[in-house]
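J.: Residue numbers (the numbering used here), protein chains in the order written: chain A, 2 to 329; chain B, 90 to 346; chain C, 5 to 299.
Incorrect hints may have been included.
For lysine to aspartate or glutamate, the following EDC-like pairs were computed, each having C-alpha atoms within a straight-line distance of at most 16 Å [stated by the list, open to error]:
hint : chain 1 : residue 1 : chain 2 : residue 2
1    : A       : K155      : C       : E239
2    : C       : K51       : A       : D37
3    : C       : K50       : A       : D37
Read the hints as simulated data drawn from the structure, not as lab findings.
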Amino acid sequence: MPDAVAPPTATSALPGLAAGAAPSIALDHVSKWFGDVVAVSDLSFGVAAGVTGLLGPNGAGKSTVLKMIAGLVAPSNGRVTLLGHSARGNPSVYRRVGLAPEQEQLFPYLSGREFLRFNAILQKLPRPDDATARALALVDMADVADRKLGGYSKGMRQRIKVAAALVHDPEIVLMDEPLNGTDPVQRAGLIGLIRRLGDEGKTVVVSSHVLSEVERFAGNILVIVNGKLAAAGDYHAIRDRMDEHPHTVRIRTDDPRRLAAALIAEPATRSVRLAGDGAVEAETADVRAFARAVPALARWSGIRVREVTPLDESLGAVFAYLTEDHRG
Amino acid sequence: MASVVWRAAPIVTQTVRQFSGGRTLRLVWALSLLPAIFAAIYLLRPGDVSPTEFLTTTYQELIVPTLLPIAVLLLATAAFGNELDDRTLLYLTLKPVSRLRIVLGKFVGTLLVGLPAVLVGLVATALVTSIGSGLTGAGGDWGAMQPVLLAMLGSAAAGTALIAAVFLAVSLIVPRALLVGIIYIFIWESLLGRFLPGIRNLSIRHYMLSIFSGLTDSPLAAFSGATPLREALITVAAVCVVAIAVATLRLRSMQLS
Amino acid sequence: MTAPAAPRYGEIYDRGYQHYTGPRLGRRHAIWALARYSMARALGIKKPWTAKVIPILLYVAVLIPVVVGIGIRAFLSALLPGVNPLDYPEFFGGVFLIEGIFVATIAPEMLCPDRQERVLPLYFSRAITRPDYVLAKLLAAGILTLSVSLVPATILWIGRQLLEPSPLTAMRDHLDDLGRIAVAGVLIAFYLGAVGIVVSSFTGRKSIAVGVIILGFLLTEAISGALTFAFEENERARQWLGFLSPTRTTAALVGTLWKQPAGGIDAPLPAIVGVMLGVIVVCVGVIYWRYVPDA
Numbered sequence: 002m003p004d005a006v007a008p009p010t011a012t013s014a015l016p017g018l019a020a021g022a023a024p025s026i027a028l029d030h031v032s033k034w035f036g037d038v039v040a041v042s043d044l045s046f047g048v049a050a051g052v053t054g055l056l057g058p059n060g061a062g063k064s065t066v067l068k069m070i071a072g073l074v075a076p077s078n079g080r081v082t083l084l085g086h087s088a089r090g091n092p093s094v095y096r097r098v099g100l101a102p103e104q105e106q107l108f109p110y111l112s113g114r115e116f117l118r119f120n121a122i123l124q125k126l127p128r129p130d131d132a133t134a135r136a137l138a139l140v141d142m143a144d145v146a147d148r149k150l151g152g153y154s155k156g157m158r159q160r161i162k163v164a165a166a167l168v169h170d171p172e173i174v175l176m177d178e179p180l181n182g183t184d185p186v187q188r189a190g191l192i193g194l195i196r197r198l199g200d201e202g203k204t205v206v207v208s209s210h211v212l213s214e215v216e217r218f219a220g221n222i223l224v225i226v227n228g229k230l231a232a233a234g235d236y237h238a239i240r241d242r243m244d245e246h247p248h249t250v251r252i253r254t255d256d257p258r259r260l261a262a263a264l265i266a267e268p269a270t271r272s273v274r275l276a277g278d279g280a281v282e283a284e285t286a287d288v289r290a291f292a293r294a295v296p297a298l299a300r301w302s303g304i305r306v307r308e309v310t311p312l313d314e315s316l317g318a319v320f321a322y323l324t325e326d327h328r329g
Numbered sequence: 090m091a092s093v094v095w096r097a098a099p100i101v102t103q104t105v106r107q108f109s110g111g112r113t114l115r116l117v118w119a120l121s122l123l124p125a126i127f128a129a130i131y132l133l134r135p136g137d138v139s140p141t142e143f144l145t146t147t148y149q150e151l152i153v154p155t156l157l158p159i160a161v162l163l164l165a166t167a168a169f170g171n172e173l174d175d176r177t178l179l180y181l182t183l184k185p186v187s188r189l190r191i192v193l194g195k196f197v198g199t200l201l202v203g204l205p206a207v208l209v210g211l212v213a214t215a216l217v218t219s220i221g222s223g224l225t226g227a228g229g230d231w232g233a234m235q236p237v238l239l240a241m242l243g244s245a246a247a248g249t250a251l252i253a254a255v256f257l258a259v260s261l262i263v264p265r266a267l268l269v270g271i272i273y274i275f276i277w278e279s280l281l282g283r284f285l286p287g288i289r290n291l292s293i294r295h296y297m298l299s300i301f302s303g304l305t306d307s308p309l310a311a312f313s314g315a316t317p318l319r320e321a322l323i324t325v326a327a328v329c330v331v332a333i334a335v336a337t338l339r340l341r342s343m344q345l346s
Numbered sequence: 005m006t007a008p009a010a011p012r013y014g015e016i017y018d019r020g021y022q023h024y025t026g027p028r029l030g031r032r033h034a035i036w037a038l039a040r041y042s043m044a045r046a047l048g049i050k051k052p053w054t055a056k057v058i059p060i061l062l063y064v065a066v067l068i069p070v071v072v073g074i075g076i077r078a079f080l081s082a083l084l085p086g087v088n089p090l091d092y093p094e095f096f097g098g099v100f101l102i103e104g105i106f107v108a109t110i111a112p113e114m115l116c117p118d119r120q121e122r123v124l125p126l127y128f129s130r131a132i133t134r135p136d137y138v139l140a141k142l143l144a145a146g147i148l149t150l151s152v153s154l155v156p157a158t159i160l161w162i163g164r165q166l167l168e169p170s171p172l173t174a175m176r177d178h179l180d181d182l183g184r185i186a187v188a189g190v191l192i193a194f195y196l197g198a199v200g201i202v203v204s205s206f207t208g209r210k211s212i213a214v215g216v217i218i219l220g221f222l223l224t225e226a227i228s229g230a231l232t233f234a235f236e237e238n239e240r241a242r243q244w245l246g247f248l249s250p251t252r253t254t255a256a257l258v259g260t261l262w263k264q265p266a267g268g269i270d271a272p273l274p275a276i277v278g279v280m281l282g283v284i285v286v287c288v289g290v291i292y293w294r295y296v297p298d299a
């Protein structure tokens, strides 16, 4: 567990939760494995009202976490609570929760409007037609509402799934990669919607593997790597702590002594040590600057560099990955 | 009008819509109407078999053992099966609706789609046999046929409910439930049932034929070892209840990943 | 630090993609890899036990007659020398139903998910071309079906020869039976496999494909039977109508091979083989047309 990203205050019991905040969602030492594969490992965090970004590379366990929160999947270990209850075996909780799942498949034989009405009726809303119209307006889809879902484009599917998750005006909204496959206009619309939901005091959890998107709607983030919590809290606070957190890089070369001497002169280098076996281990606070400096330095000094490997890939590498713009 | 139906029974309506105009339903109708084609072929050479006899034999040897079970199986295993394949089941389960209601909705929806096909297929077969025979001068036999046909409709409806309930549950437990069902029908009911008489009492076919013979006085329907009507109906109802309970429990504990 | 004068800035990050420098194995390996993967998927290899149950049950169902046949022969031949339990035609007739269900199990599993999950374009944009894909799937279906037709029959043959007083001599004397088994086993496997693959190539839903295959067997069987009955006086028509039914066609093939006419078709061997090959060719043509639209 990275110590650099402890919760903002030490008084709160769960990571990710400001002091005194009441969690709408709480995970308490939750693990989940599928056969031999561990998807989520000893995860604890709390989520309060407002928008929280669930970040992590593909395959980090984000979807499994959301499915456990929604009660679709039971944790192998630990406890997940939603508004104080476990969702599994307690369907009445779903009156207050909406999930926009990851998969694209919908009922191809229903129109968008019929699909939302179906959701509204199953939510036992007194006026399903009004709720449907309201949800359609939220995602700006009234004009295509009477087309069959089978003919919807990817961006339309994403938006109708979000509308279905919001049709009953739930207190907790879970969205799994809602921006995937949307065009810039649709994305801007969805981001605006997510921010409004947060401002209204709902608890909104949105998963994504693109940090630049999450930055636009979520101040609070949870970073998950390999099924473990890598960071939790305010995005900027985490960034600051990251910079203080040094990274170690191992470089194999023909001439370790000369390379070490040259590296020390680099501003990005914090410390250098000879690791034996033709290798140098250097500590840096700025991986990117360092990564740019090494090849230039090697060319300039004529030292052959055989291999460069980061030794602590976890959070630093993930952040480097997340801050670059990957779109699924 | 449509919206009233949706509100009264959303999952039933959704299930009916799921099948409407789809290929599964076309297959089901093809299976149900197949005997009517045989009836037409029978007319080419009526021979010494009376129309009622022909109809009864077709029902006992073709419809009950294979056509009807496969037709109902196609629907029952797809009702939940397609939603599991497409991972759309969560749109039903993530709702404040009891799991029993979801299972019952799928069950009733399957029956609403399946029963018309099964029953219309039987009536069509009877009509072709009778009217055709009348036209070819062999005598329509309609009067004698009617009570037999009614008994067929009753037992076919019971069998449809039984198969639908059992295989709704099976489809929530194993993947490829349709193949499991087909293997059950061909190997357990047909092959093993022929060699091991004990198994016969444990087959869907036995109870359908027992109800058939219990509902009519016709000697054509009677067979030795038939379970009395009341017992057969109670058994069918009990199995349906157990299957629906199993499906409900399974839906509760299932993981949708 | 970048100087402010620098007008444009562009940078490509090395994401760590490695160029593949090893040997390239060529199309044959690609086809074989896809065929092997398809077979593993159809049998539920590397899947939970629930996906393996049906193939295992069907293999057991096919092997039971073989084991029982050899066993009875081992114990009874001494007591009842004249009795010849489970002859080859009987074997092929007995397991035909299981082979049909087997094809309905494997063929949809091989083709339908690719269509349903929309991964076909992914295949075709890689080293696998459309004809390669078709070939790999046909190969996979044919080979798997061989494992329920040719393989058990061959085991039966070996078992029978091993029970003879001098197995090697018996094997030499009964080589003709082995040849017939090879012809029947291979023809039946590819005949059924091709039909299964054709049906599965038309839908993304496995359940629809399974339903159509089973319905197809029932329908052809019943219609062929009913029409034969209706055209009882017309000898020629009856012959050809028999070929509508896969059961009768294969029964006729096996019967003619072992000179025990069966299936109500009394045609010479080349005619029967020709019909079956014709069905295979038509099926391959249809599949080719399904996947190679420009052909």
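J.: State for each hint whether it applies.
T.: Checked hints:
Straight-line distance between C-alpha atoms of K155 of chain A and E239 of chain C comes to about 60 Å, which puts the hinted pair past the 16 Å bound. For the hint linking K51 of chain C to D37 of chain A, the alpha-carbon distance of about 13 Å falls within 16 Å, and the restraint holds. The hinted pair formed by K50 of chain C and D37 of chain A meets the criterion: a straight-line CA distance of about 12 Å does not exceed 16 Å.
Comparing the model with each numbered hint stated earlier shows that hint 1 is the single one that does not hold.
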